[in-house]
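Asks: Single-letter residue listing:
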Amino acid sequence: MADIISTDHPLTRAQQILLAALLDTLVPGSDDGAMPSAAEVQFDVYLLAQAEEFVPLLKSALQCFEPSFVDLPLTDRCERVREFSVSDPQLFQALLTRVYDCYYQNDRVRVQIGVVTGAPFPQGNQVTPGDLSLLDPVIRNSDRHVYRKP
Amino acid sequence: MADDVVDVLIIGAGASGAAVAWSLADTRMRIVCFEQGDWTNPSDYPSTAANWESQAYGPYHIDPNVRGRDTDYPINNDESAVTVVNFNGVGGSTILYGAHFPRLHPSDFRVRTLDGVADDWPIDYDTLEPYFATNDRMMGVSGLAGDPMYPAKQPPLPPLPMGLIGEAVARGFNKLGWHWWPSDSAIISQPYQGRDKCVNLGPCISGCAQGGKSSTDITYWPEAIRRGVELRTRCRVREITVNEHGFAHGVVYYNAAGEECFQRAEVIVMACNGVGTPRILLNSKSAQFPDGLANSSGLVGRNLMFHPIAFVQGLFDERLDSHKGPQACCILSKQFYETDTSRGFVRGYNMQIARGSGPLGTAMAGYVSGTIPWGPGHHEAFRQRFDHVASIGILCEDLPEEHNTVTLDPTRVDSNGIPAPKITYRYSDNSMKMMEHGQARATEALLAAGAQTVTSSGPLRVSGWHLLGTARTGKNPERSVVNHWGRSHDVKNLFIVDGSVFVTGGGVNPASTIQAWALYVADTMKKNLANLFD
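Residue numbers (our numbering), protein chains in the order written: chain C, 31 to 180; chain H, 21 to 554.
Only chain C is shown next, with the shape it has when bound in the complex (with noise of 0.2 angstroms):
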């Protein structure tokens, strides 16, 4: 949450802070290191270029969590988010969508799932052909599946 020069950052410090740990909760690091948490892959920046209309919306979420929250260890932050997203299932859900936006274009995420990099255009993707074999079968079986004739 560091990139962008403070001046410029939509959020104020605490914030920052709060929001950190919110996105800490909602996708933490994988207990093997692969996965990073969502607090590392520069939301913020993805905010300003990528989802500005949401920082409304981003403002009234925090404001329904406590300074305390970042104290607070894993099990009681989930719990928190929990009660959040019954109360406001609407905005909880416009701020998932947003924090998975941004955390599945990440290039150290997508490498670990399998997907390319940055835009599917133009690289696109190899999919394997598929052995044409398995039609035998069917083919063996044409009588049985025979197009109505009128």
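To be clear, the hints were calculated from the coordinates, so they are not data collected in a lab.
Careful, some of the hints might be misleading.
What the hints assert, rightly or not - Label-pair distances were calculated between CB atoms; the ranges are:
{"id": "1", "chain 1": "H", "residue 1": "ALA172", "chain 2": "C", "residue 2": "PRO119", "range": "37 to 45 angstroms"}
{"id": "2", "chain 1": "H", "residue 1": "GLU464", "chain 2": "C", "residue 2": "PRO40", "range": "32 to 40 angstroms"}
{"id": "3", "chain 1": "C", "residue 1": "GLN153", "chain 2": "H", "residue 2": "GLY397", "range": "25 to 33 angstroms"}
{"id": "4", "chain 1": "C", "residue 1": "GLU82", "chain 2": "H", "residue 2": "ASP90", "range": "18 to 26 angstroms"}
{"id": "5", "chain 1": "H", "residue 1": "PRO396", "chain 2": "C", "residue 2": "LEU78", "range": "49 to 57 angstroms"}
{"id": "6", "chain 1": "H", "residue 1": "ASP337", "chain 2": "C", "residue 2": "GLY63", "range": "40 to 48 angstroms"}
{"id": "7", "chain 1": "H", "residue 1": "GLN174", "chain 2": "C", "residue 2": "LYS179", "range": "49 to 57 angstroms"}
Here a beta-carbon is modelled for each residue, glycine too, at the ideal position from N, C-alpha and C.
Chain H: place on chain C using the hints.
Replies: Below, chain H without anything else, positioned relative to chain C:
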């Protein structure tokens, strides 16, 4: 300009408008096409950006009410079980379609004769067969010859790769002894006519940046324009006017500046889809046609058909690479396509194997379904599902019912003040029984294929891709809107070439048949030019 008369005015530059324009260009008549939308720029499509998944929920959303471009018109779906999806621009809904490209079957044209329901078409499969073949060549269709569920046909290009997902489901079908076949797809598997082949970007239904998907802006239109057809964008038709002899005289339309204009035409061809066409006809009221143009039968806007759709998903232990490749095009099964009354319903459905979602779609679907939690456990659950899911879409035949309608909304209007269409639609008992059967059979197939768990959802609401039946073809003017070659029974210089004319909808995606119909109508017009209005 009242004295500027075009020979043929085509309304709509989508699947059928493009095909009819290209074919009629043979005549060297002055042909103009009005399109309410713009050309799209493939470099703007979501797949050119890393956030392609979220972008697909914005300017390229399939639902025009969500997309909300000023080139779209609002659609009132409040009284419909299905939400209409479309795209308004050059290429029409082929810009956002999945390009699954099966033809109607021979039996689909004889539903009354074979099964005692609905009505027969006034033409048959053999009538359209040469136009199917021409259309396959013009669009660039990939597939595999030899499917026993069809008369012989030869797609111009080899099939798309079915991938691990296709292999897995095919094995399931084979265990059950069921039919399956690689899908005919309007996506080029090899370089074709100056276009480079599909590179498996994935998100076909938000536009193909590669140009591998055969949308008509890159297939028919460049050819038609080279042959002299004039395509004018940002021309939104409000109504068709008639002269004292009951012939279509021209159209009132709005240009890009929102100015009301008039265009005279000797012949008008409607290609606005099964919602747009009845909308304009119903809005074209006059003393001679007080119930709307070409509506002496009272059937304009009636008999609206969609294809009720359900999805059944299987979760596999093995990785299926399911986010890779064309979303809608893989393999299909027609095992339950034809009527078997022991199933408790008439007609049948297509099983269409669909590839999986991208990571954002997977994560959000997992959240909604409760299968992928946020917080601790997210990564493990995500790993188990992402690229491990195979889906079978159940696409059911929807029989025509007159209470399913497109009418004019009494209050809602588009940005030019033209009344919006209102959809009134409910599923029939037959469709529901068919869907239930399809969901059970798809579950069986996925379990046979090795799925560990199977879930099912349907009928899907945002699924109104196929807009059919609202200006049906037929020989009896009291029971149809256009004759057996697309000419209005009431207005001799008015033709309809889009999916409105479908008498029945079959159980397959209709784009191929819509375009074959458009080419057939154009060819018949050419053969009858000397006495087109007799």
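Asks: None of the hints should be skipped; say for each whether it holds.
Replies: Hints, one by one, checked against the model:
1. For the pair ALA172 of chain H and PRO119 of chain C, the supplied restraint of 37 to 45 angstroms is violated, since their beta-carbon distance comes to about 55 angstroms.
2. A hinted range of 32 to 40 angstroms for the beta carbons of GLU464 of chain H and PRO40 of chain C is inconsistent with their spacing of about 52 angstroms.
3. Restraint check, GLN153 of chain C to GLY397 of chain H: a C-beta distance of roughly 32 angstroms satisfies the suggested window 25 to 33 angstroms.
4. At about 22 angstroms, the beta-carbon gap between GLU82 of chain C and ASP90 of chain H stays in the expected band of 18 to 26 angstroms.
5. Checking the proposed 49 to 57 angstroms range against PRO396 of chain H and LEU78 of chain C shows it is violated: the Cβ atoms sit about 29 angstroms from each other.
6. Checked against the given bound of 40 to 48 angstroms, the beta carbons of ASP337 of chain H and GLY63 of chain C, roughly 25 angstroms apart, lie outside it.
7. The hinted range of 49 to 57 angstroms is not satisfied by GLN174 of chain H and LYS179 of chain C, whose Cβ atoms lie roughly 20 angstroms apart.
Checked against the numbered hints listed earlier, the structure breaks hints 1, 2, 5, 6 and 7; every other hint is satisfied.
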